[in-house]
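Enquirer: Take 1 as the starting number for the sequence shown in full-length UniProt numbering and just add one per residue.
Certain hints may be false.
Claimed, not checked - Keeping only pairs whose Cα atoms sit at most 25 Å apart, straight-line, the calculated DMTMM-like set for lysine to aspartate or glutamate is:
id : residue 1 : residue 2
1  : LYS412    : ASP301
2  : LYS288    : ASP482
3  : LYS70     : ASP492
4  : LYS164    : GLU149
5  : LYS274    : GLU337
6  : LYS139    : GLU114
7  : LYS274    : ASP28
8  : LYS230    : ASP269
9  : LYS309    : ASP286
10 : LYS164    : GLU219
11 : LYS230    : GLU361
12 : LYS496    : ASP301
13 : LYS164    : ASP179
14 : LYS230    : GLU276
15 : LYS230    : ASP386
16 : LYS412    : ASP497
17 : LYS309    : ASP343
18 : LYS184    : ASP492
19 : LYS288    : GLU219
20 : LYS230    : ASP377
21 : LYS83     : GLU290
22 : LYS194    : GLU149
23 : LYS288    : ASP306
24 : LYS70     : ASP231
25 : LYS274    : GLU346
26 : LYS255    : GLU165
27 : LYS70     : ASP386
28 : LYS255    : ASP303
29 : LYS274    : ASP21
Quick caveat, the hints were computed from the structure, so don't treat them as lab data.
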Amino acid sequence: MAAVCDNATSCAAVGFHTRGDGYLYCDDVKVSELHHKLETSQDVNMMSPAFVYSRRQIVENVRQFYEAFKSLPVPAVLNFAMKANHNLQILKLLRSLGCGVTLVSGTEMRVALEAGFQPHQMMLNGSGKVPWEVIAAVKAGVLLNVDSEFCLQQTINACRQLGKEATARVLLRLNLDIDPHVHKYVSTGTAGSKFGLDPAAMSRVVRVLTSCDCPVRVEGLHSHLGSTIKDTSVFRESVLRLLTLRQELTSQGLKDLRLLNVGGGLAIDYTRNKAETQPYREEEEDVKAELRRLMDSLQQDADSHDDVKKKGLYQCAADVIGSYVNERIPRSKLDSELLDLLDRLEIADVTSAQYPAIWQEQSNIPKPADMINCLCDVFVSPRDDDVTLMFEPGRVIVGDAGVYMTTTLGWKTSGNTRFLVVDGGMNDVIRPSLYGAYHHIYPAAPPPDSHALNNAHNSALDLLHGTSGSSTNGHVDFHVVDVVGPVCESGDFLGKDRLLPLPSPGSLMVLHDAGAYCSSMASNYNLRLRPAEVLVDGSDCDFIRRPDTLNDLLAPYKTSTN
Numbered sequence: 001m002a003a004v005c006d007n008a009t010s011c012a013a014v015g016f017h018t019r020g021d022g023y024l025y026c027d028d029v030k031v032s033e034l035h036h037k038l039e040t041s042q043d044v045n046m047m048s049p050a051f052v053y054s055r056r057q058i059v060e061n062v063r064q065f066y067e068a069f070k071s072l073p074v075p076a077v078l079n080f081a082m083k084a085n086h087n088l089q090i091l092k093l094l095r096s097l098g099c100g101v102t103l104v105s106g107t108e109m110r111v112a113l114e115a116g117f118q119p120h121q122m123m124l125n126g127s128g129k130v131p132w133e134v135i136a137a138v139k140a141g142v143l144l145n146v147d148s149e150f151c152l153q154q155t156i157n158a159c160r161q162l163g164k165e166a167t168a169r170v171l172l173r174l175n176l177d178i179d180p181h182v183h184k185y186v187s188t189g190t191a192g193s194k195f196g197l198d199p200a201a202m203s204r205v206v207r208v209l210t211s212c213d214c215p216v217r218v219e220g221l222h223s224h225l226g227s228t229i230k231d232t233s234v235f236r237e238s239v240l241r242l243l244t245l246r247q248e249l250t251s252q253g254l255k256d257l258r259l260l261n262v263g264g265g266l267a268i269d270y271t272r273n274k275a276e277t278q279p280y281r282e283e284e285e286d287v288k289a290e291l292r293r294l295m296d297s298l299q300q301d302a303d304s305h306d307d308v309k310k311k312g313l314y315q316c317a318a319d320v321i322g323s324y325v326n327e328r329i330p331r332s333k334l335d336s337e338l339l340d341l342l343d344r345l346e347i348a349d350v351t352s353a354q355y356p357a358i359w360q361e362q363s364n365i366p367k368p369a370d371m372i373n374c375l376c377d378v379f380v381s382p383r384d385d386d387v388t389l390m391f392e393p394g395r396v397i398v399g400d401a402g403v404y405m406t407t408t409l410g411w412k413t414s415g416n417t418r419f420l421v422v423d424g425g426m427n428d429v430i431r432p433s434l435y436g437a438y439h440h441i442y443p444a445a446p447p448p449d450s451h452a453l454n455n456a457h458n459s460a461l462d463l464l465h466g467t468s469g470s471s472t473n474g475h476v477d478f479h480v481v482d483v484v485g486p487v488c489e490s491g492d493f494l495g496k497d498r499l500l501p502l503p504s505p506g507s508l509m510v511l512h513d514a515g516a517y518c519s520s521m522a523s524n525y526n527l528r529l530r531p532a533e534v535l536v537d538g539s540d541c542d543f544i545r546r547p548d549t550l551n552d553l554l555a556p557y558k559t560s561t562n
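With the hints as extra help, turn the sequences into a complete structure.
Expert: Now the structure itself:
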């Protein structure tokens, strides 16, 4: 499918980005033109919605880990958490980059083998492995996590079923009761979690493992704290605890504990572009109060100033805040225009000091290097010289390397809520509905100017809302909308309270950071077909998953009895 992208540029860009022309690009390809090519392709049908991935971004994300590993005093292994994205071609790419793979089911193990991973590159996690999965892993020589006492017994039974020569390679997954400060659904390392061995269970497990006839070889320890973690200090605490427990367990007879699996769970910055669609109503109350105080102060200066030029600048600054308060412009436009005006008035510094709540601090999302650097000084030589660390990230590898393309169907109002309805929904991207997760949503192409927008849509908007929005500079009309899909659930939404330039039906919207836990969590709910997936590499594009067909859905029901 390389010929699908004939309007590429020559710059070696990485990942998803907007250029001066206002279009969203994936590497060197306009996403809107890729979407058009897919829709008109002869080989496929129903090409919206679809997932698009950047190969270059995946490669860069892996590179960041390997670069950070250089600062460690001990060796490190990088395993990709397949649950984040199980596309076969992405798995093959990661294998070619030197990654291993962490699995949470026997079927994932089969897919990993299909992708070319060797058993020694695999690790099988899971709090509820079924017998066939354990048997298959032991037989292949895959490393397993022992997550419970019954899991250990399953593993022993598998060895005995396979014959007296069979030996299982395992890690002990420990619940260290460390709070990662994340959503409760993705917190896995605190007391009360279903994951890992608590201290009492671990003591009983160790007694079994050190018995003379146990066919299980313990090669290390594991602690996975959760997902979307922003505080790297919890990784440091985890490794320190694992190193201490390693010494204690070694003295109790477990002599081969050389591998320490730190887990994954590092966050990515889902909200880095939030200001582009943030309306006034989403501000904290203290910010709202300071904005109104500043607006009043600027208006007073405009009314009282004798200098015509400065009077105009003060008035413009007050008007910009007014436009934001009246939800005609998003937070990003407020920031850029207001700061420019305050600079020209030479009062930017004093204003930021007087109104500190207004000026938003950038979110501090750690990079792989931040996570790894905090571990560099925890190892003691020669005690820890034989330790190897394992990291098993998923989201950080593929999260920002993917987007979800969805087409605008139309808009409607209900009470005080305006809905932008698109053809994609919770069946493909469930994170907003399940976790209340934020994904940035924005048009793939720049909106038309206000005249074009008004000519095309104002009559409809006037009928619906009684008025049309207007910006202070005459460029774009913005409206606060909930972006919702076609699924028959009130919880089917992709984003709420987004201040967006209202697109025309057929316009392409893009949900960002959809590379992890989106396609892998998709379903056929409402009998909706799961979408195609495309991998972009520079100016080349390839289908790496065709969309579902009706036959795919009907095939399981076509049995010999009907």
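Enquirer: For this structure, which hints from the list above don't hold up?
Expert: 1, 3, 9, 12, 13, 15, 19, 21, 23, 25 and 28
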